[in-house]
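Novice: For the record, the sequence lines run as chains E and X. For the first sequence, the tail end lands on 154 under the working numbering, and the numbers increase by one without skipping. For the second sequence, the tail end lands on 154 under the working numbering, and the numbers increase by one without skipping.
Derived by calculation from the structure, the hints in this document are not laboratory data.
Note: identical chains are not told apart, hence a pair may lie in one copy or across any two.
Pairs of lysine-lysine, BS3-like flavour, derived with a Cα cap of 30 Å: (1) K128 / K49; (2) K128 / K50; (3) K58 / K146; (4) K128 / K142; (5) K58 / K150; (6) K58 / K31; (7) K146 / K31; (8) K142 / K31; (9) K146 / K95; (10) K150 / K95; (11) K58 / K142; (12) K128 / K58.
A quick note: this is a predicted structure, and the numbers were derived from the prediction, not measured.
Protein chains: 2
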Amino acid sequence: MKSTTCFAFKGFSEQQTQSLAAIAREAASSKGRILFQEGRPARLLYCLKKGEIELLTKVDETVELPITLLRSEGQFFGTSALIEPHVYSLSARCKTDCVFYTINQEDLTTLGRSDPDLGFIIMTHLAKTYLDRLTETRQELKIHFKTIFKAMRF
Amino acid sequence: MKSTTCFAFKGFSEQQTQSLAAIAREAASSKGRILFQEGRPARLLYCLKKGEIELLTKVDETVELPITLLRSEGQFFGTSALIEPHVYSLSARCKTDCVFYTINQEDLTTLGRSDPDLGFIIMTHLAKTYLDRLTETRQELKIHFKTIFKAMRF
Numbered sequence: 001m002k003s004t005t006c007f008a009f010k011g012f013s014e015q016q017t018q019s020l021a022a023i024a025r026e027a028a029s030s031k032g033r034i035l036f037q038e039g040r041p042a043r044l045l046y047c048l049k050k051g052e053i054e055l056l057t058k059v060d061e062t063v064e065l066p067i068t069l070l071r072s073e074g075q076f077f078g079t080s081a082l083i084e085p086h087v088y089s090l091s092a093r094c095k096t097d098c099v100f101y102t103i104n105q106e107d108l109t110t111l112g113r114s115d116p117d118l119g120f121i122i123m124t125h126l127a128k129t130y131l132d133r134l135t136e137t138r139q140e141l142k143i144h145f146k147t148i149f150k151a152m153r154f
Numbered sequence: 001m002k003s004t005t006c007f008a009f010k011g012f013s014e015q016q017t018q019s020l021a022a023i024a025r026e027a028a029s030s031k032g033r034i035l036f037q038e039g040r041p042a043r044l045l046y047c048l049k050k051g052e053i054e055l056l057t058k059v060d061e062t063v064e065l066p067i068t069l070l071r072s073e074g075q076f077f078g079t080s081a082l083i084e085p086h087v088y089s090l091s092a093r094c095k096t097d098c099v100f101y102t103i104n105q106e107d108l109t110t111l112g113r114s115d116p117d118l119g120f121i122i123m124t125h126l127a128k129t130y131l132d133r134l135t136e137t138r139q140e141l142k143i144h145f146k147t148i149f150k151a152m153r154f
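Here chain E stands alone, though its shape is the one from the complex:
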């Protein structure tokens, strides 16, 4: 499998896909390893090549809330690296042994400046991802409210 496959976003030209692959570094981590932690400075964007990544948030010191499980090649995570103030909004843990690519946020910014069209496609993709997650999270919140309303009615 070519490394460029991971970065083949809908809308990217072949040249743009290759530019992105050129600044990516392949890495591997074993099952259970934490790749980054919520609240810490976000300097690396990740793209999954192989394995499963769990994204989670801490409810308190002892309780974790799983947010999503990534298991498809080409899924991006650690995307807060692209957004000011560049702080991870979730933690990422390898659910299995994993292979992934990392892209340095500064390298990507430099690339985006030289090719605003590429930056536009990435940010559109990112905005859509966040909107989808926001809709899902609101849906969960609605379920909680419904439970509370039912409890109050009876």
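Since chain E is already given, all that's left is putting chain X on it; use the hints.
Specialist: Showing chain X alone in chain E's frame:
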């Protein structure tokens, strides 16, 4: 007040601000009016000039959940118009008499194609807005989980 004030995003050049103002239409609505409804096709992006706008979602046929109250000039809403599949994710209601600008999604797409740098700035701003809202919504969800965990412990 010049109409361009509303569109003066951080990062826009004066030319870009004027291009955006040129495709905007000013409109007014009275208190209580619904500007758009959740789940309906999203063709217009809105920018608040004066008044207060309530964004809300339906929990069920009888219960509404308020999401946020916009009251600052220059705040955008109806932003799902910029994201496929172009469907409003919330409803918007005028909390007071309001004045606002609307921008047709197709006009903005045409402008973005001719100036990818402008498109990049808008999408970056949008991704940041969604990430902020996502973080807030997850925070609310955590509060609900904490309440449930406490109830289970005692």
